[in-house]
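Listed here are the chains, written in short residue letters.
Number of protein chains: 2
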Amino acid sequence: MMEIRLTPLAWVKNSRIKPQDDHWGDIISEIVLDDEMSESVLLEISSFSHLEIIYYFDKVPDDNMPLSRKPRGNPVYPQVGIFAQRNKDRPNKIGLCTVELIWHQGRTIGVKMLDAIDGTPILDIKPVYKEFREKKDIRQPEWVTDLMKDYF
Amino acid sequence: MMEIRLTPLAWVKNSRIKPQDDHWGDIISEIVLDDEMSESVLLEISSFSHLEIIYYFDKVPDDNMPLSRKPRGNPVYPQVGIFAQRNKDRPNKIGLCTVELIWHQGRTIGVKMLDAIDGTPILDIKPVYKEFREKKDIRQPEWVTDLMKDYF
Numbered sequence: 001m002m003e004i005r006l007t008p009l010a011w012v013k014n015s016r017i018k019p020q021d022d023h024w025g026d027i028i029s030e031i032v033l034d035d036e037m038s039e040s041v042l043l044e045i046s047s048f049s050h051l052e053i054i055y056y057f058d059k060v061p062d063d064n065m066p067l068s069r070k071p072r073g074n075p076v077y078p079q080v081g082i083f084a085q086r087n088k089d090r091p092n093k094i095g096l097c098t099v100e101l102i103w104h105q106g107r108t109i110g111v112k113m114l115d116a117i118d119g120t121p122i123l124d125i126k127p128v129y130k131e132f133r134e135k136k137d138i139r140q141p142e143w144v145t146d147l148m149k150d151y152f
Numbered sequence: 001m002m003e004i005r006l007t008p009l010a011w012v013k014n015s016r017i018k019p020q021d022d023h024w025g026d027i028i029s030e031i032v033l034d035d036e037m038s039e040s041v042l043l044e045i046s047s048f049s050h051l052e053i054i055y056y057f058d059k060v061p062d063d064n065m066p067l068s069r070k071p072r073g074n075p076v077y078p079q080v081g082i083f084a085q086r087n088k089d090r091p092n093k094i095g096l097c098t099v100e101l102i103w104h105q106g107r108t109i110g111v112k113m114l115d116a117i118d119g120t121p122i123l124d125i126k127p128v129y130k131e132f133r134e135k136k137d138i139r140q141p142e143w144v145t146d147l148m149k150d151y152f
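So the protein sequences, as listed, match chains A and B.
Just so we're aligned, residue 1 is where the first sequence starts under our numbering, counting upward by one.
Just so we're aligned, residue 1 is where the second sequence starts under our numbering, counting upward by one.
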């Protein structure tokens, strides 16, 4: 089996200490480069309005990995595979979020709409290019719209 | 230093054998679950139109990691940090792309707009929820628009 080894490149600093389902929209997070990373990786980042943040759910235990589940354990939702939902209890424990870049200073950026808690290790930061966005309308099932109503 | 160990959860099958800069839009890729993964991880995936595919640039050598560069080595572009571009030569070698889901059958999905070559290991698959998309217009520098003109 192929094993891939990654290291944290930056870290999240914000006011949310414990995992929580909803109300991420009001939180401003700082993303601070790891001591091993040179400040130059952020050069010109302010020319972008949005970033994609790939992070690691380091608090998720290894032994809690359902292959499918009803999202949030809600009995009215359908049974859904882990690749058809964004639940944190997933193999490889990778989180992903599009954030608004608010400011950049030295080794730190300030972002909005990040759904990661304080201390979360960041695996990558990518600028959003318009051309990578979907060309057609997004279709999603009704349970997603219901689940997301208070998320941001 | 914290080390994070991941394994491939699925693999890319398509007609593109070598890395290439442009014209990804015409390629239909299959994503096939790794033998270790249960088919149930894909349950209900067809209720989504778009997916985010997180993959690993396994062909990128470890010793080729500029912290900043002119994108594609083009002298007319500015010097840009690796977190302000989507270039594959990046720490942790993670790729990310939003794809259109075309079909699902058993352990395989067919997708369009994936910019990964044949044999690429997949680290995660997430459905696109509308609510995770940016609320404001995307702003990007001119060099991105130029660089992306033949990408898809």
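Hints may be right or wrong, so weigh each one.
Identical chains blur together in the list; that is why a pair holds if it fits in one copy or across any two.
[Stated by the list, open to error] Calculated lysine-lysine pairs in the BS3-like style (CA-CA distance at most 27 Å, straight line):
1. 136 to 59
2. 70 to 13
3. 130 to 18
4. 18 to 70
Don't read these hints as lab results, they were simulated from the structure.
So, against the hints stated earlier in the document, which numbers end up violated here? 1 and 2
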